[in-house]
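Based on the sequences and whatever the hints tell you, model everything.
2 protein chains.
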Amino acid sequence: MEARITGRILQSPRGRKKEDFLSTWQQPPANEGPPPPPSPAAEERPPASHFPPVNVPSKQPLPPRVLWELALSSGLLGFSFTPAPHAACSPVRSPAVAGRIQAPAPAERMASSGLQTKKRDNHNGHFVQPTNPNVATMQEDVLYHFHLSTSTHDLPAMFGDVKFVCVGGSPTRMEAFTKYMAKELGLDHPGAEYPNICVGTDRYVMFKVGPVLSVSHGIGIPSTSVMLHELIKLLYHARCSDVTVIRIGTSGGIGLEPGSVVVTRQAVDASFKPVFEQMVLGKRVVHRTHLDERLAQELMQCGADLREFPTVLGNTMCTSDFYEGQGRLDGALCSYSEKDKQEYLEAAHAAGIRNIEMESSVLAAMCGACGLQVAVVCVTLLNRLEGDQVNSPHEVLVEYQERPQRLVGHFIKKRLAAAGNPRDL
Amino acid sequence: MEARITGRILQSPRGRKKEDFLSTWQQPPANEGPPPPPSPAAEERPPASHFPPVNVPSKQPLPPRVLWELALSSGLLGFSFTPAPHAACSPVRSPAVAGRIQAPAPAERMASSGLQTKKRDNHNGHFVQPTNPNVATMQEDVLYHFHLSTSTHDLPAMFGDVKFVCVGGSPTRMEAFTKYMAKELGLDHPGAEYPNICVGTDRYVMFKVGPVLSVSHGIGIPSTSVMLHELIKLLYHARCSDVTVIRIGTSGGIGLEPGSVVVTRQAVDASFKPVFEQMVLGKRVVHRTHLDERLAQELMQCGADLREFPTVLGNTMCTSDFYEGQGRLDGALCSYSEKDKQEYLEAAHAAGIRNIEMESSVLAAMCGACGLQVAVVCVTLLNRLEGDQVNSPHEVLVEYQERPQRLVGHFIKKRLAAAGNPRDL
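Quick mapping for you: the protein sequence lines, in order, are chains A and B. No gaps in the numbering here: position 125 of the first sequence is 125 in this note's numbering, and each next residue is one more. No gaps in the numbering here: position 319 of the second sequence is 319 in this note's numbering, and each next residue is one more.
Hints listed in this document are in silico derivations from the structure and should not be mistaken for laboratory results. Values in this document were obtained by computation on a predicted structure and should not be read as measured data. The hints are all genuine.
In the DSBU-like style, the derived pairs of lysine-lysine whose C-alpha atoms are separated by at most 30 Å in a straight line are:
1. B:283 with A:273
2. A:283 with B:273
3. B:283 with A:339
4. B:283 with A:283
5. B:273 with A:273
6. A:283 with B:339
So, in structure tokens, the structure goes:
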């Protein structure tokens, strides 16, 4: 059967000038879908002292399960909780027949969802919104690399309650984070299992516990951009609102003690500029990389709450290669001297860059464009000013990788503790 | 323990001008390691009619096991066969202690290897050669993303007999290809297992059967470049010679019937140019993408031998995104119209491009620079002139993905059939 986009989709953008479409990258076109979320700067929050009683000081929180159940029973979270394993395993039909099914438009099916009705009553208005107007008119949307489809899976039932999406390169790490969060939220139980929702493919893994979705993105910008296109569409089809996306990753540090955790202030490219460059229809297009400053400050506070490891706010350089792209001298190919390398890394440090990884810029650009609060929290595995090889003992590297998980786990519990006021979730 | 490069390595490139190093990307510096391989054009082969008796017509080959044993017993392959499961599972020490071990220089250990001595007597002189002079002087080389190291694994014993490296994005597909090749080469047996050599990490998978190594590379150029840096160093440390690398992948076709297999003539970028562009120390560097023309013709002949599916020789466009980067209208973000997309795809077709994927250009540039014969063989899952979504039935897509494996399996058997003359392997 031939892959095809409906005529309606193909006609939708027809006649618009290219400039109109380039401009839609950063904001949805008028009169399509829910309104775009206000910028974080425009968002108003009561000061901490105005928090309702449910928001207790972070140092002495109520037990996680109590907080979670308080938030749910209050109805103020704007969604009802569907246990992850059940929801994750409830396809309407086998994905194998996705291509043969003519389903009603997702929007119609979602409009009839009680879950969605409740969300409409209670959400904060910050729906996840693709900037592509075609998505709203697709009869079926096959999320090919997730092995999910709007015609084979009830996405609102499976994902409608998602408020936090944590992403990372390693599938194993994202599964471990899900089990960790289940414990932290008091949602685990003896023999509990957290099945891979994307079990039909080996491109990415996806796990869910409560309001936390955990997804792997592989290595590099292209692998991450494919995942993000489908993740953003998934959250849109599921009618999710007020979603925060955080990358919990590994990186090479610059001038930091190995094991330090960097909360990213700005994601910059290899020229130290806060931009994400891509080729679109053979032309170079540059986008700003926007990370939520207040979210970064909240995460820094979580590091201060924990006092378990050094936590630093700094710029993160996003490259497209681990070896030459990051100035390493130990790759199969190397076209520069040690002196060239040292000068480059020292210039990066002078520009406020504290770590180097391979995904932050596309995450900031795409999530920022679609109304998602986004942050990057990476641990440094080595100090690049002192070496290139990652050869610390295995058990040391494993403990390092758990640090961003502990920091973000603490952040999620604090956000849930504040859920009595939905403006804060 | 801090990661560190030995002073010897750091001093090695010191004092050279940057231009010198840029020039070494395409050729190893003089007087370091074995000589660079001659260009395919300079290589001399006897015409088919001069093949020795062991090289029978491809339509009526001797049984694979007979050919394989003939080649081994003749000693003309230049290596002795070590069964993959045994070799693949023989680490000298646990990778967990890699960082604490001071091993002798790999070159010294390899020089004392009988396997290597035999290789020196029989190889064709086309050793795999990193263009980075530092690699030859490293006391230990940790291949971090493979979870292998020169001080914890006997790489010559594990990989010294590798002649064919097949790579693809999907870990499952690369495992399936290994099992398929075991059958095709007559090397499988009841209950045979092919363990993942990179079991200590979840970044990539690696399997080996006879002279065939199968490695996953994930999605996109960055993920593939990380794998290739470590693969090329692995083949160098193992003293492999006369190695052919073939990507067996999936792609979107342009003007082809879905299920067609494209053998790549030239890997081009999103502007239709045969180049691979990367950022090195913050500066844009452009490399030519070199694919072996004679190897592509051999693969086309294999498609003609099989007569099982359409096989086309054409240019392949390598992009850094699956959605906007390939002109799709169904991503979360879309900044152009259907008309813009159609004009772009039609211009690509006019430029000789027959399929679009995300890894070919970096594969061609890096392997070509390091003395590896390289080719790209991808099946098309859909015709992009007719649609964007990959929504054919699952079983149809699975059969499509087997086609490059069958073509390359036939090619490997033909190459082994010609192994009586080592110049042809």
